[in-house]
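Q: Taken in sequence, the protein lines are chains A and B.
When the letters of the first sequence are read in order and numbered with the working numbering, they come out as residues 1 to 131.
When the letters of the second sequence are read in order and numbered with the working numbering, they come out as residues 1 to 131.
A couple of the hints might just be wrong.
Pairs count within a copy or across copies, as identical chains cannot be separated in the list.
Stated by the list, open to error - Below 35 Å or equal to it, Euclidean Cα-Cα: the simulated DSBU-like pairs (lysine-lysine) are:
{"#": "1", "residue 1": "Lys-102", "residue 2": "Lys-42"}
{"#": "2", "residue 1": "Lys-73", "residue 2": "Lys-29"}
{"#": "3", "residue 1": "Lys-42", "residue 2": "Lys-98"}
{"#": "4", "residue 1": "Lys-102", "residue 2": "Lys-29"}
Hints listed in this document are in silico derivations from the structure and should not be mistaken for laboratory results.
Number of protein chains: 2
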Amino acid sequence: MNHQTATLERPSDGEVEHDETAALIASDKVEGTSVYNEGGEKLGQIENFMVGKRSGRVEYAVLSFGGVLGLGKNHYPIPWDRLDYSVRLRGYVVDIDKDRLKDAPSYESERPPQFGADYAVGVRSFYGVPY
Amino acid sequence: MNHQTATLERPSDGEVEHDETAALIASDKVEGTSVYNEGGEKLGQIENFMVGKRSGRVEYAVLSFGGVLGLGKNHYPIPWDRLDYSVRLRGYVVDIDKDRLKDAPSYESERPPQFGADYAVGVRSFYGVPY
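Please build the complete structure, drawing on both the sequences and the hints.
A: Here it is as structure tokens:
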């Protein structure tokens, strides 16, 4: 994940540091953040993200959006490495168009997968992210 | 983080798998989970946790509790590796007593630190976790 987050804090000398980048981000700040494709089209928002219990590594963030009648497979796990932060859009950008997204690993809110190592490998494979 | 989480799902053969361990945990499941010391004394709960934007690694979870009059330095970052999950307590256990915790890195809710790499190193150092 590539957060080019410009903090909005104003240093004491009065100069705005547009390119200042904090190294860490809070989990609850990621949740609820909007997600766009490279065309600036909004895809949905980050519902939550999955962390390896032992490794402490974020495997993927879950993009969610209202499906048809609020039903359907509207949860899409996306590898952390494939999410870039856009200061302009104030949200994450993932390089995938909506048509391609239809074939991506996804699940219904009511039917989450087992989230095992195999599932994580499948997600990485779809998005071309090496393990 | 060592989650010995027994899932409560019942496999199709009817046998309950008490020791089944899912590899991943959802971010919003970690948030709000109680934290105990090794004596079973409740210290507080996980408020959120901090993730390296580029690395995708969880640096530490933030233990919070109501301070005196709800004020004071009541936010304690604890390295992910130092949190173990107790199925019995249904919460995380960290091997530190309350007296020792007083000397741990901490901050007020209203005055969060910069959360840079230096801060993360300080936290790891206090808890004896190698980088």
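Q: The structure should be examined with respect to each hint, and the outcome stated for every one.
A: To see whether the hints hold, each was checked on the structure:
With identical chains, the CA atoms of Lys-102 and Lys-42 are at most 35 Å apart within one copy only, with a shortest distance of 15 Å there and 45 Å across copies. Taking identical chains as interchangeable, the C-alpha atoms of Lys-73 and Lys-29 lie at most 35 Å apart whether they share a chain (24 Å) or sit on different chains (21 Å). For the homomeric pair Lys-42 and Lys-98, the shortest alpha-carbon distance inside one copy (10 Å) is at most 35 Å, but the shortest distance between copies (47 Å) is not. In this assembly of identical chains, the alpha carbons of Lys-102 and Lys-29 lie at most 35 Å apart whether taken from the same copy (27 Å) or from different copies (27 Å).
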